[in-house]
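A.B. asks: Listed here are the chains, written in short residue letters.
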Amino acid sequence: MATEAKDAAHGAEAASSGLPQLDITTFSNQIFWLIVTLVVIYLVLSKVALPRIASVLAERQGTITNDIAAAEELKAKAADAEAAYEKALADARAEAGKIAADTKAEMQAEVDAAMAKADAEIAARTAESEAKIAEIREGAAEAIKDVARDTAKEVVSALGVEIDEKAVEAAVAAQVKG
Amino acid sequence: MADKAHGDEGGLAFHPMDQFIVKPLFGDGPVGMFTITNATFWMALTIVCIALLLVVGTRGRALIPSRIQSVAELAYGFIYKMVEDVAGKDAVGFFPYIMTLFMFIVFSNFLGLLPLSFTTTSHIAVTAILAMAVFLTVTIVGFVKNGVGFLGLFWVSAAPLPLRPILAVIEVISYFVRPVSHSIRLAGNMMAGHAVIKVFAGFAAIAAISPVSVLAVTAIYGLEVLVSFIQAYVFTILTCVYLKDALHPSH
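As given, the protein sequences belong to chains B and D, one line each in that order. Letter by letter, the first sequence follows residues 1 to 178 of the numbering used here. Letter by letter, the second sequence follows residues 1001 to 1251 of the numbering used here.
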């Protein structure tokens, strides 16, 4: 240790300079002042410092706990609000869907009605047209008979043969029919 | 005194132990019991520093602490948790006492690291009183709380019966050696570190090796800062361990 090194280096004065720590004459002084110091520190700590720090820490802990509780409450409120919003959204969606379906059904009914009406009209017109066509066709057939008869008469008279009305008519009818 | 004995030396002179001499602060008389000495001064300075940190530093009682207040709270929490964890929940009544020991030792150690200062905790007289205070507290508390049952601390019931008397002797010896090791550990650490710094500083007088010497002083100083805290911590945690024995003597 350093002491031995020193003692070796300064052999002459080693006897007079022992460890200051072992100088018994200073012990009572150090012990007295140490006890005074410790008592003062103890009083300062136990009467002032420690209660104050403890109260500060407790207060902070309380504040933190309160804040956390408040935060939890607000979080719950936020969750409630979100649930309400979701519910409103779902309701609105359902409503919208319902309205859309109703409207669609209504429109379908209208369309169906219009279609039916249109179909009926078309059928009526078709029938009318067919009747007219049949009439025209009839008319045409009559006209052909007349024309054929007249033509046949003219042709026969041109040939100078006596006109047998009944025979011509019968021949024309047979030709037209055939 | 020692400084007179060294007076007529020249050149390379080592006086690593002179820093530990207790001398009167005013005048040059003998050191009596109530003389105001350098030890008194540095002890008073520890009181001032502790008061500055723990009382003045926390005067704001701020919810969001200032820097110095958070240091004070850190010290409080550190020791409080140590007492609670090591010595048990029923030992928190001793918290102010243990806090006093810790704050005194840690501030004495750190103030002792100031150049030209005097390290009160490097004196065996001081550490012996601290250790004896712990020893007496632990012994008295042990007997008051547990009565004769405190002696069960020395009777290792987990060991085989023939071994128990031998173990009891060992336990008793180790119990009474505690204050010795407790005090010498602290004083020895503080004294050795400071003496080594002084020896290296002495070498700085030689120009050729002074850079090495200055580097070594710096390195050892850093180590000493660590040791200062660790020794205060060790002293305090051992106090808690001994206190746990007093409160719960069964192994």
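Some hints could be false.
Straight line, CA to CA, 25 angstroms or less: simulated DMTMM-like cross-link-like pairs of lysine to aspartate or glutamate [said to hold, decoys possible]:
| no. | chain 1 | residue 1 | chain 2 | residue 2 |
| --- | --- | --- | --- | --- |
| 1 | B | Lys47 | D | Glu1073 |
| 2 | D | Lys1089 | B | Asp23 |
| 3 | D | Lys1023 | B | Glu59 |
| 4 | B | Lys153 | B | Glu138 |
Please keep in mind that the hints were generated in silico from the structure rather than gathered at the bench.
A.B. asks: Could you tell me which of the hints above the structure violates, numbers in ascending order?
C.D. replies: Hints 2, 3 not satisfied by this model.
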